[in-house]
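Given the coordinates of chain A, work out where chain B should sit on it, guided by the hints.
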Amino acid sequence: MAKIASLAEAVSELVRDGDTVALEGFTHLIPFAAGHEIIRQGRRGLTLVRMTPDLIYDQMIGAGCASRLVFSWGGNPGVGSLHRMRDALASGWPAPLEIEEHSHAGMANRYVAGASGLPFAVLRGYAGTDLPLHTDTISSVECPFTGERLAAVKALNPDVGVIHAQRADRAGNVQIWGIVGVQKEAVLASTRSLATVEEVVDELEPVPGAVVLPHWVVDVVAEVPRGAAPSYADGFYDRDNAAYRAWDRISRDRDEFGRWLTSLREDAA
Amino acid sequence: MTRTEPAAGSTTWTADEMMSIAAARSLRDRQACFVGIGLPSTAANLARRLHAPNLVLIYESGTLDTRPDELPLSIGDGVLAASALSVVSVPEIFNYWLQPGRIDVGFLSGAQLDRFGNINTTVIGEYDEPSVRLPGSGGAPEIAASCREVIVVMRHKARAFVERVDFVTSVGHGSGPTERSVLGLRGAGPVRVITDLGVLEPDPETAELVLTATHHGIEVERVRAETGWELEVSADLMITAPPTETELRTLRSMRTVGDPR
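Going line by line, the protein sequences match chains A and B.
Here my numbering is used: the first residue of the first sequence is 1, the next is one more, and so on.
Here my numbering is used: the first residue of the second sequence is 1001, the next is one more, and so on.
Okay, chain A solo, but in the shape it has when bound (with noise of 0.2 Å):
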């Protein structure tokens, strides 16, 4: 049975220094919130995994939160670039940043193979681009019954999990509806595992379309209206589109993204 905690005590308990943490969320119901939990408690030396980095992990990046990146797509979507990312590579601020670099498609069955408790993933992909030159998770396989070569990418295991849903009951069951994304295969993926709801009920509805995480492969629940703002959770509220665009502004600079950190710290969870 998941435990249902408040977020603070949450991150506190579940994410170390210098872990691999996934926040997952494929535009839709991004973790904002126990991110910016993850930036207060001051957490450094995590490698950070997810498919879009997307804002969350810029802030946390810019934080100095993270030193090794794991991703397919760092952009902010439908604006631009992502700033703090691109500023941590180019020049070690505030610290240096690693790369590990995927497609989408890797990532996905990345996640699968942690997930089905397989060591890697097979998959067509990655033939004739770059990607492999440079990753070291990206290797090949031959088929045992046709011989045919196929890519291979090794499993992702994280140490936590950390997904925002909409709605989890009291024993800790997690529901989540609309785009689903990777957040299935990255609680399953992981050693411990967050989720952030809207909010906690005496019992789920279903719901069409629906996941739902079972109470004894989520550890912590924690309660946190709006955790998903300013992406969006579908039936909950929309996608803030214009704090997306301020995110550029913010971002270009490092002493206004410092402001928006300060800002960030003194609103206290």
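Hints may contain errors.
DMTMM-like mimics (lysine to aspartate or glutamate), calculated; alpha carbons at most 25 Å apart, straight line [said to hold, decoys possible]:
#, chain 1, residue 1, chain 2, residue 2
1, A, Lys-154, A, Asp-17
2, B, Lys-1157, A, Asp-130
3, B, Lys-1157, B, Glu-1126
4, B, Lys-1157, B, Glu-1219
5, A, Lys-154, B, Glu-1092
6, A, Lys-154, A, Asp-130
7, A, Lys-154, B, Asp-1128
8, B, Lys-1157, B, Glu-1226
9, A, Lys-154, A, Glu-98
Listed next, the stretches of chain B that the computed footprint assigns to chain A, with coverage defined by at least 3 CB atoms under 8 Å from CB atoms of chain A [stated by the list, open to error]:
#, stretch
10, 1057–1067
11, 1075–1081
12, 1095–1109
13, 1135–1144
14, 1165–1172
15, 1182–1189
Quick caveat, the hints were computed from the structure, so don't treat them as lab data.
Note that beta-carbon positions come from the ideal geometry of N, C-alpha and C, so glycine has one too.
Showing chain B alone in chain A's frame:
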């Protein structure tokens, strides 16, 4: 922005509008189309509002057959899920739908494109010390590999249309006509590159991109000046018909989610 005057009549349009309209025209009704965000998404949604009402739009966020009434700003906007026939997980969209070849057309863009239609969205310059760090792959490498065919939509600039891309993010025709089959790529690769100046298609013998059409009012010399390799011109060079009133009106009526009304 430069507006092109048609030979007759009072309608004007921008080069970007001509590009989106030419790209929309290249899609056929009932095709299943894997759509990238930005220019491809605009063109695909325009086609759906014009001649291809049954175009099946698929986004990598897992939305199958989605019919957004406004253009999404990002690949996973709520408007895509709300209007989709079905929403599947990200592993499923890549493994069950894209990988086995169930999608007719991959619609892509890029920062750099070379004479063989290879696309770079990763870095300008050296990988370890790039002059510009771009977003990276996303779904593009496998879209380029596995869709039955690929259409690229990109603004035509000399710095973007290069002899050889700095980084191969997504394979076009590699370095020649046999490379896709040697690599085991099942789709046909780029069959058309639609820009704000014209249309490039691979030569059937060499796989090199040649100019097969210029848009109404665009000179061949201008296209050559904006292309970083010695651009061959097809003997059957076509001229893209100017936008119709209906095409322009429809394009201009489409708004992006969150834009001020």
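Against the structure, the hints:
no.	hint	result
1	A:Lys-154 with A:Asp-17	holds, 23 Å
2	B:Lys-1157 with A:Asp-130	holds, 23 Å
3	B:Lys-1157 with B:Glu-1126	holds, 21 Å
4	B:Lys-1157 with B:Glu-1219	holds, 15 Å
5	A:Lys-154 with B:Glu-1092	holds, 18 Å
6	A:Lys-154 with A:Asp-130	holds, 18 Å
7	A:Lys-154 with B:Asp-1128	holds, 22 Å
8	B:Lys-1157 with B:Glu-1226	holds, 5 Å
9	A:Lys-154 with A:Glu-98	holds, 18 Å
10	1057–1067	holds (count 4)
11	1075–1081	holds (count 6)
12	1095–1109	holds (count 3)
13	1135–1144	holds (count 8)
14	1165–1172	holds (count 5)
15	1182–1189	holds (count 4)
Violated hints: none; the structure is consistent with every hint.
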